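Participant: Heads up: the sequence shown at position 222 corresponds to 222 in full-length UniProt numbering, and the numbers run straight through without jumps.
Just so you know, the hints here were simulated from the structure itself, not pulled from any lab data.
Computed from a predicted structure; not experimentally measured.
Glycine included, C-beta positions come from ideal geometry on N, C-alpha and C.
Here are the simulated DSS-like cross-link-like pairs (lysine-lysine), alpha carbons at most 25 Å apart as the crow flies:
id : residue 1 : residue 2
1  : Lys-123   : Lys-197
2  : Lys-105   : Lys-145
3  : Lys-145   : Lys-276
4  : Lys-123   : Lys-105
5  : Lys-145   : Lys-219
6  : Lys-147   : Lys-219
7  : Lys-123   : Lys-147
8  : Lys-147   : Lys-105
9  : Lys-145   : Lys-123
10 : Lys-276   : Lys-105
Cβ-Cβ distance ranges computed for the label pairs, FRET-style:
id : residue 1 : residue 2 : range
11 : Ala-257   : Ala-112   : 28 to 36 Å
12 : Asn-214   : Val-143   : 22 to 30 Å
13 : Arg-225   : Glu-250   : 30 to 38 Å
14 : Lys-105   : His-258   : 33 to 41 Å
15 : Arg-186   : Arg-225   : 34 to 42 Å
16 : Asp-180   : Gln-218   : 41 to 49 Å
17 : Gln-218   : Pro-179   : 41 to 49 Å
18 : Pro-242   : Leu-220   : 45 to 53 Å
19 : Pro-179   : Lys-105   : 28 to 36 Å
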Amino acid sequence: MVNSWTPRPDFSGFDLRPGASRWTCEDTGIGELHRFLSDRFGTPEPSAGPDAPLAAVIRKVQTGEADAGQLAQLAEALADAPNAAGILAAHGAGQVLLDGIQAAKQRDVIAALSEVVRDPAAKENEFQRILEESWWMFGGRFVEKAKRRQLTVLTQLDVPLIRADGALHVVELKRACVPDLVIPHRNFFVVGPEVNKAVGQSLNYLREFDEERNTIQQKLGIECRRAFATVVIGHPLHVPDPRVREQVPETLRTYNAHLGRVEVITYADLIQGAEKAMELAPSAAG
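Given only the sequences and the hints, what does the whole structure look like? Please build it.
Facilitator: As structure tokens, then:
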């Protein structure tokens, strides 16, 4: 049975007072009516049914907006939905749960790292504990983490990564609380002594790997000739002088421009890069 109402003269809606026209259709007439209305007014949005909350959560997972609570809600809804497989298929969501769980884990890693970064007493091993299994934060050019941290007798690396071309890339982690990360020098700003020491340490690693390249390659199967390194050190929030703090990005950019095989970044750069990568992931997938 169908009711129909007359539109208001000002086209602000319909006159819903009693007395509307009422009529019925059955069997094939229902299909004809649906086709007529679709041609005339377009396909309507699906009405909110029992699957609507589930579909809404699935969309949040697909766009990377779902948090851990919503993932739990999705799991409960799937358990209760008799047609869960059909719903997932309708949304093209074969990997929706795995992708959503992975995204939630990555957000947890970023949150944990951010919390440690804010702690001025945090030691280097606390950063290593988080990042040694979360090397995805350093970008898509790395395909895996080397299985061994100690490649020579004298070196033990924080996070040894393997690039897409098979070569070694060293990540050296330092503390986030470095008040003299950048310091004034005459009329300019330069990196502080802790940065120079960390870069010197990394350069010594690279020199040793060049010298021991054949041995390392034969024993471990790792290509380390002309390897590169990234030093992660400091965060602008721990630089007390606001005037100096705002000079951190430009000073490090100038410093990096003169380095050949080592790059220096802050934990702010690392976290921001990971967050941006997560923002871009849903749009890239779609």
